[in-house]
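Each chain, written out:
Number of protein chains: 2
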Amino acid sequence: MKPLISSEEATNIISDSIEESKVEIISLDSACESPGRVLATDILADRDAPPFDRVMMDGICINTYNHILGSWRYKIIGTQAAGAEKMILPKGEFAIEVMTGAPMPTDANAVIPVEKIDTVDGYALPHEGLEVDDLQFVHLQGTDSKQGDIVLPKGSVLGAAELATAASVGADQLEVYKLPNIALITTGDEVIQPHEVPTDFQIRRSHPAAIKSLINSNNLGNITDKHLPDDEEIIEEALKTAIADYDMVILTGGISMGKFDFVAPLLEKLLGEAAFHGVAQKPGKPFAYWKPSDNTPPVFALPGNPVSVMATMHRYVIPGLKYSMKQHHKKSVSLADSFQWNNHLTGILPFKETNDGIIICPPRNSGDYLALVGCDGFVEVPPESKLCSGVTLAAF
Amino acid sequence: MKPLISSEEATNIISDSIEESKVEIISLDSACESPGRVLATDILADRDAPPFDRVMMDGICINTYNHILGSWRYKIIGTQAAGAEKMILPKGEFAIEVMTGAPMPTDANAVIPVEKIDTVDGYALPHEGLEVDDLQFVHLQGTDSKQGDIVLPKGSVLGAAELATAASVGADQLEVYKLPNIALITTGDEVIQPHEVPTDFQIRRSHPAAIKSLINSNNLGNITDKHLPDDEEIIEEALKTAIADYDMVILTGGISMGKFDFVAPLLEKLLGEAAFHGVAQKPGKPFAYWKPSDNTPPVFALPGNPVSVMATMHRYVIPGLKYSMKQHHKKSVSLADSFQWNNHLTGILPFKETNDGIIICPPRNSGDYLALVGCDGFVEVPPESKLCSGVTLAAF
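Each protein sequence line maps, in turn, to chains R and D.
Just so we're aligned: 217 in my numbering is position 230 of the first sequence, and the numbers increase by one with no gaps anywhere.
Just so we're aligned: 367 in my numbering is position 380 of the second sequence, and the numbers increase by one with no gaps anywhere.
Keep in mind the hints are simulated off the structure, nothing from the lab.
Hints are supplied without guarantee of correctness; some may be wrong.
No copy labels: a pair is met if it fits in one copy or bridges any two.
What the hints assert, rightly or not - Below, a list of computed lysine to aspartate or glutamate pairs in the EDC-like style, where the Cα atoms sit at most 16 Å apart:
{"id": "1", "residue 1": "Lys73", "residue 2": "Glu177"}
{"id": "2", "residue 1": "Lys318", "residue 2": "Glu115"}
{"id": "3", "residue 1": "Lys133", "residue 2": "Asp187"}
{"id": "4", "residue 1": "Lys62", "residue 2": "Glu219"}
{"id": "5", "residue 1": "Lys256", "residue 2": "Glu219"}
{"id": "6", "residue 1": "Lys318", "residue 2": "Asp363"}
{"id": "7", "residue 1": "Lys213", "residue 2": "Asp16"}
{"id": "8", "residue 1": "Lys213", "residue 2": "Glu177"}
{"id": "9", "residue 1": "Lys313", "residue 2": "Glu(-4)"}
{"id": "10", "residue 1": "Lys317", "residue 2": "Asp343"}
{"id": "11", "residue 1": "Lys272", "residue 2": "Glu102"}
{"id": "12", "residue 1": "Lys256", "residue 2": "Asp212"}
Given the sequences, and given the hints that come with them, work out the whole structure.
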């Protein structure tokens, strides 16, 4: 194993080497089916927003300058519906009935909500004492954005507001980063499929469930997985295929110093030396990474312990996938309680969110996924640190 | 319109009337494809976890009680691989090579990591001065959970750790709450499809993009949408179909007091009086709700303004869907900055997360989705309130 590097160095090596994802066009509909895709180009406003002076309340529109002192009623001369051509308000004490979303009739300058008037014999009578301001309840053309403005910049994550904004400017075909095809390879003779019944010394295969759900819930890739026995030849063949055919490779286990840990030597044989192998962190110390080259993808080799898998997925692989889509992962949380970390390695520790901040929940002795149920993410804790409540930590 | 009720009353009416969703069985694989489904039954451990005393490091195992003072080397008599039958450590100064995840050989009581020994001529020589504790690097059987323990309770949201835990206990078919089939109906003559080019007074249809992505990103329903012109007869027919065929109906617009607001009267005709119509909140005051009955689903009628749609979706519809899956929506956030709300109505206001807490971003004059781009949710702010930084608010 090479000398340990810091988690920060590991992050920099990954972010500097990960290449920008390819781009594809998807329909607005499919982006709404699976939200969270990342825009690979700016989206511009195709016209002013709002595109016309827009009525913001159901009621009547008037022109306050036409108001003759003493009189306080307006003859209703028609109805301006939404989606209809703009009407013209004549001079004098006239009103046009208006609907929310309708264009403001020409020469009108204020809307009075329907709740603030009485209607008698075709006349609108505003309630006594009502004050009417110039331009009230009128949403003026171009006050949100002008035609040609960038409404959604490249790198935007397409959630509800973003997709509705895209719809409103007519962007029904979206240029987004392609989801990388990811090969996930797990190894181990002791591992059986979840539906199988284990003998005493077998365990069920659970890494793919964790890794797939994590990548799918972030909508960051299409993942294909394969399980291999601890057989050097079979592993080598599978690695060759994965390296040739996929945009990214993730492996779990087989990278420590055990007798059957074939993965690291085989990857060195196929890809040359790792960019790093060993990070000064707990859990996840044996974590290794191979940079992409002209015809090989980035390879993440995660330690095989479940908590290490989750810690390194959150801390490195998910941010790495985000870098490839030009998103910079930056989240901080503050500690609800003081916390002491008595270890010379950086801690990558699970936390739970509370109303007062986060609580760090170092997994018990256990290396099992059960220890992580209900956790909301991982924080990075410096070696040998005493942290007071309120301290801010990077979260993943 | 009925008298306004408070947002709390509205919440209680919805949560008291929403029925528990039906249940279906899905495969573990499909739950990993679309994470976030909700468990409708407890999942139990099918055996102890770990199922055997498990080695936690690559190295050797010994029995510390066999150690003869002065001597400090162990003859390696074999290798205990993961997935193989348990070996037996003979009495005397012997060691068995062990791999992470392997069963601890019988009569061994401690693991020494490979980094802490030298191997010479078939003997393991621990580094000088090394202290070896009883049971070190051994994960004892049943210390995480016992056979029959509930590892995932009903109501668990199935994310990465939960699905990996399900896999590890053999739960590869999962009983989850069925996703309700939701009909979304939008209305309005002024509205065209996103790919169409609007005339001056038309706007593109954007509510479905927002509502679908919000429901899909929470994995809370299957949504089908339809747009209707402002035609009373057509709307009535569509409402009848939606009420008959779907588990939930969401409508946008047409529930204010405008001349073409057919939705509320038609729903009253078909379903009787609304449970409420009008909530003392801004935005979203005209929000209406019809309780489910024996043969009709719950109906949410949202005001048609984009910011109102998003506020009422976050504040009522998403929590309502969660109630139906026995999840109680409770999230709080704390204010990074002081905030003043000069309105006699409760504010349902968008916020952005920062490292120091959240910042409330009341939308400008605009009612457009663009005003909500980059926001992380909504908070509820009491009427006429002056809030200091650090104050905790309910978040949706």
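Hints and how they fare:
{"no.": "1", "hint": "Lys73 <-> Glu177", "verdict": "between (75 Å within a copy, 12 Å between copies)"}
{"no.": "2", "hint": "Lys318 <-> Glu115", "verdict": "neither (53 Å within a copy, 44 Å between copies)"}
{"no.": "3", "hint": "Lys133 <-> Asp187", "verdict": "between (68 Å within a copy, 15 Å between copies)"}
{"no.": "4", "hint": "Lys62 <-> Glu219", "verdict": "neither (90 Å within a copy, 27 Å between copies)"}
{"no.": "5", "hint": "Lys256 <-> Glu219", "verdict": "within (12 Å within a copy, 72 Å between copies)"}
{"no.": "6", "hint": "Lys318 <-> Asp363", "verdict": "both (13 Å within a copy, 13 Å between copies)"}
{"no.": "7", "hint": "Lys213 <-> Asp16", "verdict": "between (32 Å within a copy, 14 Å between copies)"}
{"no.": "8", "hint": "Lys213 <-> Glu177", "verdict": "within (15 Å within a copy, 53 Å between copies)"}
{"no.": "9", "hint": "Lys313 <-> Glu(-4)", "verdict": "neither (19 Å within a copy, 44 Å between copies)"}
{"no.": "10", "hint": "Lys317 <-> Asp343", "verdict": "between (20 Å within a copy, 14 Å between copies)"}
{"no.": "11", "hint": "Lys272 <-> Glu102", "verdict": "between (67 Å within a copy, 13 Å between copies)"}
{"no.": "12", "hint": "Lys256 <-> Asp212", "verdict": "neither (22 Å within a copy, 55 Å between copies)"}
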